[in-house]
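Could you put the whole structure together from the sequences, leaning on the hints where they help?
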Amino acid sequence: MRTRKAFTLAEMLAVIGIMLVLMVATFGVFNIFAQRMGPQTSLATVQAMLNGARDYAATNGVLARINFTADPRKPEEGTVMTLQYRDASSGTWEAVRGRRPVSLKDNLYVLRDMPAIPTPPSVASDPRVVREAEVTAWKQYEKQVADAVTAFACSDGKIVSPHTDFYVVFDPAGYMRISDDAPGKCALYGLTVVQIGGTRVVAYAFYPLNANTGTRVVFD
Numbered sequence: 189m190r191t192r193k194a195f196t197l198a199e200m201l202a203v204i205g206i207m208l209v210l211m212v213a214t215f216g217v218f219n220i221f222a223q224r225m226g227p228q229t230s231l232a233t234v235q236a237m238l239n240g241a242r243d244y245a246a247t248n249g250v251l252a253r254i255n256f257t258a259d260p261r262k263p264e265e266g267t268v269m270t271l272q273y274r275d276a277s278s279g280t281w282e283a284v285r286g287r288r289p290v291s292l293k294d295n296l297y298v299l300r301d302m303p304a305i306p307t308p309p310s311v312a313s314d315p316r317v318v319r320e321a322e323v324t325a326w327k328q329y330e331k332q333v334a335d336a337v338t339a340f341a342c343s344d345g346k347i348v349s350p351h352t353d354f355y356v357v358f359d360p361a362g363y364m365r366i367s368d369d370a371p372g373k374c375a376l377y378g379l380t381v382v383q384i385g386g387t388r389v390v391a392y393a394f395y396p397l398n399a400n401t402g403t404r405v406v407f408d
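Heads up, the sequence shown is in the working numbering, so the first residue is 189 and it goes up one at a time.
Do not rely on the hints blindly, as some may be mistaken.
To be verified - DSS-like, lysine-lysine: derived pairs with alpha carbons at most 27 Å apart: (1) K262 x K346; (2) K293 x K262; (3) K293 x K373; (4) K373 x K331; (5) K293 x K346; (6) K331 x K346; (7) K373 x K262.
No lab work stands behind these hints: they were computed from the structure. Since we're looking at a predicted model, the values are computed, not measured.
Here it is as structure tokens:
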């Protein structure tokens with residue numbers, strides 16, 4: 189009769205130790221990755237919410253908005269987004285039933301102006317022919333735009349002119365509009381998603397708004 193060979197206690201402890209090391213290393217890499225991707229992931233969530241508000245407004249023929257708020261008592265939630273509609277009978281903004289508020293876990297600010305973007309280089313005369321000088325010029329222009337956005341959104345590692353209580357409004361045709369309630373809180377130009385480390389900015393992403401549809405203007 190064969191005897192089964194079992195793992196010794198030392199072998200089991202060694203395996204558990206290796207697993208713990210791998211888990212710690214994996215979570216460390218994940219945290220770094222999540223920290224780098226956080227603002228971009230949040231922007232994707234913002235875009236989905238804005239698309240939902242625009243579609244809700246156009247489908248139901250009402251004013252709709254995404255209301256952005258931040259509770260200082262719950263900094264871990266970051267900015268919270270709520271889909272609302274304008275009740276025609278009462279004239280008040282009501283939360284849409286069945287749509288729960290969405291927490292970004294990051295901080296979102298509105299900047300009511302736009303950065304001064306430099307003039308782009310000339311377009312290639314023949315797009316089928318790739319010229320190194322033209323590619324270099326556009327790469328330099330992309331860096332100039334990034335620098336302009338950085339200078340506009342942040343100064344000395346801190347946010348410039350943040351507003352943490354605001355909204356983006358869509359009319360019944362699905363276009364952005366200025367709110368009659370409090371125009372100063374209505375975002376018209378750009379949003380900035382920010383990850384805060386203590387009192388410093390550790391990562392951010394700029395989100396220019398299309399003045400008509402509320403979708404993101406992307407430099408590509």
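Structure-based check of each hint:
no.: 1; hint: K262 x K346; verdict: 20 Å, holds
no.: 2; hint: K293 x K262; verdict: 10 Å, holds
no.: 3; hint: K293 x K373; verdict: 21 Å, holds
no.: 4; hint: K373 x K331; verdict: 31 Å, violated
no.: 5; hint: K293 x K346; verdict: 18 Å, holds
no.: 6; hint: K331 x K346; verdict: 21 Å, holds
no.: 7; hint: K373 x K262; verdict: 21 Å, holds
The structure fails hint 4 only (numbered hints given earlier).
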